[in-house]
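Participant: Residue-level listing of the chains:
2 protein chains.
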Amino acid sequence: MKFSPLVDELIQSLRVLPGVGPKSAQRMAFQLLERERKAGLKLADSLQKAMSDVGHCQGCRTFTEETLCPICASNKRGNAEVICVVETPADVLAIEAGGHFTGRYFVLLGHLSPLDGVGPEQLGLALLEQQLSSNDVTELILATNPTVEGDATAHFIADMARRHNVVISRIAHGVPVGGELEYVDSTTLALSFNGRIKL
Amino acid sequence: MKFSPLVDELIQSLRVLPGVGPKSAQRMAFQLLERERKAGLKLADSLQKAMSDVGHCQGCRTFTEETLCPICASNKRGNAEVICVVETPADVLAIEAGGHFTGRYFVLLGHLSPLDGVGPEQLGLALLEQQLSSNDVTELILATNPTVEGDATAHFIADMARRHNVVISRIAHGVPVGGELEYVDSTTLALSFNGRIKL
Ligand SMILES: [Zn+2]
Ligand SMILES: [Zn+2]
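Protein chains in written order, with full-length UniProt numbering: chain A, 1 to 199; chain B, 1 to 199.
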């Protein structure tokens, strides 16, 4: 016996969250029970709706409950013929915060990682190739993370894109090696866009 | 615009959890959406049930969905006439893990903190006094944290308990000053029980 069944179950369930161990889960459960019941119910509701209703954007694969995400649905993007490939939705946010990129995105939701069973299919590359083979796309900017896996993924996509009539580039200057795009400031990100290298 | 409304809402809702800032909340939301949908729904369900159904044990005030928590409901405790006062349910767990205490508990769910509006009423001391005035209780062990607030709370309760016919003690040796009971190993906790000082 530890706590009462419902309290134990809440503590166990909280451990699905990344970075939450047994002690943190206990602290979270008690804080919610002690003084955040309303916010706890709101979290339950948000989770229920998001887990059930959020799917993938049919344009860029990012998470959305609509057919198209707000960026793909917008007709106000200046360079809709340029696609920027990133690993995560947070990367989109980071680049949008900079405000210098006005094209569209393609969100891989990961990077190639054969040992974890993540191949071209898991990254939705068929959808990306379909977009490249339409005549609407003129340039592909590869903005995967500057890590071993991100580089490998960028090269794989570049090889695929060479079969199509598009300019291919990789963001380069400014992003620290081994770092994660999401944590880079917007000036550095802007530099890395300007200094992109044609592949 | 950040993400889609349901994704934004999930990220916002996750921030109610202690220690979860904007970046952690994003990481949690994406991890759940990417590969823990089932566990996310389970968490929603656990939260919903716990926030709605968990109340306080009528014996010791700890969190439970029943009238009495498993410890208060048990008739197998060897020293039911001894009450150990602790600050949190996690402290009960820590003491139970040691296995040397066979009395009952009283869980304050906090400590006296006038500036935060936490007085005797918030700690349920009327219920404790009611138990002390019955003839069933022979000893009161004050196991609040060895911090300024925990000490002040212990002294306040000791003063209250002196009006009743009970032996009053405070756990003492072994628990590091300024530390938190919950993080003390069970041997140290056992020592601090044996070395308790009569007040
Ligand atoms: Zn989209
Ligand atoms: Zn109880």
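Keep in mind the hints are simulated off the structure, nothing from the lab.
Just so you know, these numbers come straight off a predicted model, no measurement behind them.
Incorrect hints may appear among the rest.
Keeping only pairs whose Cα atoms sit at most 20 Å apart, straight-line, the calculated PhoX-like set for lysine-lysine is [unchecked claim]: (1) B:K38 with A:K49; (2) A:K2 with A:K23; (3) B:K76 with A:K2; (4) A:K38 with A:K49; (5) A:K38 with B:K49; (6) B:K38 with A:K2; (7) A:K42 with B:K38; (8) A:K76 with B:K38; (9) B:K42 with B:K76; (10) A:K2 with B:K49; (11) B:K76 with A:K42; (12) B:K38 with B:K49; (13) A:K49 with B:K2; (14) B:K76 with A:K49; (15) A:K38 with B:K38; (16) A:K76 with B:K23.
Participant: Please list, smallest to largest, the hint numbers that this structure does not respect.
Facilitator: 6, 8, 9, 11, 14, 15, 16
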